[in-house]
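Asks: These are the residues of each chain, in order.
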Amino acid sequence: MAEITYREAVAHALTEALDADDRVFIMGEDVGAYGGAYAVTRGMLDKYGPTRIREAPIAESVFAGAGAGAAMGGMRPVVEFMTINFSLLAIDQIVNHATKVRYMSGGQFNAPVIYRAVTGGGAGLAATHSQSLEPWYATLPGIHVVLPSTPYDALGLLREAFAKEDPVLFSEHALLYRLKGEVPDEHYTIPFGAADVKRRGADVTLVAYSRMVHVALDAAQLLAQRGVEAEVIDLRTLRPLDMETVYQSVRKTNRVAVVEEAWRTGGFAAEVAAQIQEACFDDLDGPVARVAGEDVPQPYAANLERASIPSAQKVVDTLAEVVGV
Amino acid sequence: MKVARADSKTELLDLYRHMKLIRVFEEACAQQYMRGKIRGFLHLYIGEEAIAAGAIPLMQPQDYVITHYRDHGHALARGMDPNAAMAELFGRATGSSKGKGGSMHLMDGSVNMMGGYAIVGGQIPLGVGLAMACAHRGDESLVLCFIGDGALNEGEFHEGMNLAAIWNLPIVIFCENNLYGMGAPVSEVLAAKDIYKMAEPYGIPSMQIDGMDVLAVRSAMVEVYEHVRSGKGPYFVEALAYRFRGHSMSDPAEYRHKDEEALWRQRDPVPTFHAYLLGEEGVSEAELDAVDAEVDAQVEAAVEFANASPEPDISELASDIIGS
Ligand SMILES: Cc1ncc(C[n+]2csc(CCOP(=O)(O)OP(=O)(O)O)c2C)c(N)n1
Ligand SMILES: [Mg+2]
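Protein sequence lines correspond, in order, to chains G and L. Residues 1 to 325 in our numbering are what the first sequence spells out, letter by letter. Residues 1001 to 1324 in our numbering are what the second sequence spells out, letter by letter.
Hints in this document: simulated from the structure, not taken from any laboratory. Treat each hint with caution, since some may be false.
What the hints assert, rightly or not - Chain G regions said to be covered by chain L (calculated; three or more residues, Cβ under 8 Å):
1) 60-71
2) 88-101
3) 105-117
Just so you know, these numbers come straight off a predicted model, no measurement behind them. Glycine is no exception: its CB is placed at the ideal position from the N, C-alpha and C atoms.
All chains, full assembly: derive it from the sequences and hints.
Replies: Here is the structure:
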């Protein structure tokens, strides 16, 4: 067992892959000498050289598409978007090309490219740099959408991403990089489509992913003070989506809230809530609640920003209001 | 007409066969579209055959071709089976993509035909990435990436030229300048006057060629491929050509002047080359007739094959989305 940070976990999986397979290369803005905007690729240029750590111009569309094209040609590219907000300049390449070639070619071609994109808000960066756009990508057939919440999950899931034959969006939360956690010394991977019960409880289910898992865990602490035991489920991957683990929990607790940082309207919580009511209608003692990002551009001022993002208190309040917990 | 080096009669007849196959195939497509056998958008390559025939058969098997949605000619010249191509257009199980791609997305992995792409400019980043894979393999393979003049206005063109240049990638970006986007004349929507000179600021060598003359295309591409294969980086080619039909089957092309059309039709690459082979190369009428008959039979067989093929099984709806 070793304690490492979330950042180190991501870097570790990347380094392993670069060492194991010469078809793996990293491409993105400032991934070279600068070491990556979030310092994930620090030191890699010296170790692997400029053809494996490709310093790309600020031209998201072409390097995202080149990642897909190189993957179609047999390479194993990792494309780093400085943040998910900038992936919007490349969305055509992801939506119309990387995720379509397998289908449109009738299975002849595939594009196993890993898109890393920092997601989430809360860092005082205001509306253009604070978005959680992963639900958009999760609507797309033909891509895996992965959002680790811990160093353990980040390492296991990113290792798994390299074994995939199709595009992966691997989205790291900006505020989690310094989070520490235990990882075993032995090699392990985490399959996609396997939600993880991060806390056991019999009274209410909280479903979350990425940083909101920690908010849900904090909410569970508050609830526990009142003698309410919450079960916290981390989806870990939005596509493929493991609803079975959620259903099992809901059948036990009969009460559920879905917590996410993305906008409430049309967010991923809406999808999870819809599926829960389809599958567990008779098990529910109340409506499926959503605690989501406010439907506003993320503001700059600290108090306004705080108000726009779900907090543990908001989870507790929503449960009281909507679910009657 | 410029004569290419060391062209044997067989090679010349092959060039003619490639052009003629595309022409007859496209005419059959138009017919089958009218009969409701082909759905969606159908963009014909009629008038531009000399480009595909001149540029593609010269390539090596390990090279890649990637292109836009007006892709039948490129696919056929690359060696895609006309049966599989026609069946794809018919949306049949025997199509190259099992009927899932259609006319605008012809793909055939067996000949490294990496596809038609229907988002203008979208194939450029993919082509650049394929060139990265070529460079990694170090086998002197290259990418031939076709774009229309319309794609010059997309950011992806400029981003792609820049990336190809800074990373010295083995790619030919080949602009088929047929003077129009859908209805927009190049002169109205593009500030650059000389398209081939758009490569200059990127330090990419370029040339403008006559896309109606198959031998001119061919001899230019011999040089271009030599350059790229020798590790000297990307090349940009502008070929002037004209599509004889509307943009797609639903376009009567009323925005074009009839005189302009007539002028270009005089230069129709297929009969022009036919006449050249007869007059200058000592090819006999009988030899050309034999090619015509062969091609007609091939296309007829392709239509029959497509017609007789089953629709894809409904299980195909949700297959080929994600692998293991
Ligand atoms: C990004 C994008 N915008 C618009 C369209 C619609 N569209 C399809 S073809 C076309 C014209 C393209 O012209 P050009 O690149 O010159 O190719 P040509 O059809 O002349 O071969 C347009 C506007 C599209 N397919 N993709
Ligand atoms: Mg055009």
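Asks: Among the hints numbered above, which are violated by the structure, and what are their numbers in rising order?
Replies: none
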